[in-house]
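Asks: These protein sequence lines are chains A and B, in that order.
Going by my numbering, the residue at position 58 of the first sequence is 58; the numbering climbs one at a time, nothing skipped.
Counting the second sequence from 1 gives a position; my numbering is that position plus 333.
Don't take every hint at face value.
[To be verified] Taking beta-carbon pairs under 10 Å as the criterion, some of the chain A residues facing chain B (in silico):
| no. | residue |
| --- | --- |
| 1 | Y55 |
| 2 | F57 |
| 3 | F266 |
[As the list claims (entries may be wrong)] Which chain A residues stay away from chain B? Per the calculated CB distances, all over 12 Å, these:
| no. | residue |
| --- | --- |
| 4 | I294 |
| 5 | Q297 |
| 6 | A318 |
It is worth saying that the hints were derived from the structure and are not from the lab.
Quick caveat, the model's predicted, so the values are computed rather than measured.
We put the CB at the ideal spot given by N, CA and C, even for glycine.
Take a look at the letters that make up each chain.
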Amino acid sequence: MVLSRLFASIKVAALVAAFLLHGPLFAAPMESAHDLMSKMAKASRELNYQGLFTYEFRGNLTSVKVAHGVDDGQTYERIHHMDGVQRNVLRRTDNVDCLRTGDMLLRGSAYKINDQSYARLEDFYEFHIKGQGRIANRQVVMVHVLPKDKHRYGYVVAIDKQSGLLLQSVLMSHSGKPLERFQFVDITIGMPFAELGFDLDASDFSSAVLDQSNCIDDNRQITTSASNWSAQWLPPGFVIASHQIADSNGQESIMFTDGLAVFSVFIDSDPGRSLPAIDANLGATVAVLTKADINNQEYAICVVGEIPRATANQIASAISLSPTSSSSISPLP
Amino acid sequence: MSDHKERLEQSLSALMDGEATDIEMHRLLKEVSEDSELRAKWKRYHMVSAAIKGDAATATIDYSAAIAAAIDEEPTHRQSGLAVFAGSAGRFAIAASVALVAVFGVQQLNSPLDSVGETSEFAGVEQVDEENTGPAIQFPSGFQPIINARTVSAGGNNKSSQYVTPVIEVRQQVNRKYSEAELRAYMNDVMAKHSNHAALNSNQGMLPFARLNETEAAAQKE
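Kindly produce the complete structure, drawing on both the sequences and the hints.
Replies: Below, the structure written as structure tokens:
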């Protein structure tokens, strides 16, 4: 034991010496993983780009053509599925400056859970730069993102060296098996907005889904409408990202993120729906639907996300109706 | 020192590193039972590795000969021909019952449980792709579509769905009736809403949209 400790301290000393002697040489060419992640969060929102990516899971491969543009503070997105039935999704957001919970976490800031506690991405993942590579004919930096607990999955990502865009993302199970793979095969970055052809879709965009998720306020929190529901347990590091009050069908939804992984909780109070308790999965996405009988009213609680099934189960059983109607859905300390 | 021996030693060190292939492993196990020199080497490698890891070096007592002798003395290991046959038949029976359970399990999973009479309605939902009225998806001869092998027949139109739909597993039998169509619609709806929100919060750009399947995309257009 003493010997190994001695070795360890020699190793540290050697590293320190190497750093002192060649520090600038080592540090200059390599960005830190955190800088890369932060750059990535910004790039995917703020750049104009279009390209073709493939998405693969369980032996299925589909390809998708995407375009993303920013004009006059608004973002425009077009998603066109290249296989099977014609499918297009158009989407716009009103405010390119809207910083969301996931953005903020990935940019290295902490989300304020309450006055005492903050959530930080690096408390729950380790980031390792694994050298360089080439994806979609562009130079990329490979980063391994390892979870520090069993409540989230890891990733192998490739980030474009020049722009910071995410060009490849492989979701990895705890045993190291890929669950899904997303990879650009061709991409053009930084063209003028006019070249993206969004003006052709102008009429469609007027009816397109407008994003309603919540932006981070000055207090480094999001303001959500009050909910009667609360989570008695959340996997550590996950904080609220958005909350939609009950729609016309009586469905309320709350979304949580740790900066990389996302899960949604849907609460259905419509007694007309008679759904059984189920487990479902599609690719890397799992869904767990449980039933809760509260005050003679039946509710369906559904947790959907790219998280391990055991975690989804645990969350589903921890969602409960607050005794007082005024309390918020933020996790209990 | 033959080529063969050298290869074996390479395999042995690969095994110690946990990198030996199945073939190497088989060859090693076969050879090690006959080659005492190799056996000794294996033991030495283990001791070295234990010493490096900081484990206390174990005494070098070889139990293998004694154990082999003890096994030979055991009456149950001197079997008659009949016993050998009975043994393998028993094994087959076990294998068969495992297979039965597996087939049964799969059918349980896929059957639209309580919803008698709803099957065609469910199939109908999967068939709503008016735009795709061309020839059924072509596969090169000799290949079978492995994606969602469920074939649906509705109105004499026999075609398998290309798209992967959620695998849904009902946890327990409920007394109340429910329709699988409604269940699928609900699942597709929540998964679509989740993808939509995830696109804004997972920082993976538009990746979450790739997870949408065709019925979800249809819901998006509305």
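Asks: Work down the list of hints and note, for each, if the structure agrees.
Replies: How the hints compare with the structure:
1. The criterion of a C-beta within 10 Å of any C-beta in chain B is met by Y55 of chain A, whose closest approach is roughly 4 Å, and the hint holds.
2. With its C-beta approaching chain B no nearer than about 8 Å, F57 of chain A sits inside the 10 Å limit, and its interface hint holds.
3. With a cut of 10 Å, the hint placing F266 of chain A at the interface with chain B holds, because the nearest CB-to-CB distance is about 5 Å.
4. Against the 12 Å criterion, I294 of chain A stays outside the reach of chain B, whose nearest CB is about 18 Å from its own CB.
5. Taking the minimum C-beta to C-beta distance to chain B, about 16 Å, the non-interface status of Q297 of chain A holds against the 12 Å cut.
6. With a least beta-carbon separation of about 17 Å from chain B, A318 of chain A lies farther than 12 Å from that chain, consistent with its non-interface assignment.
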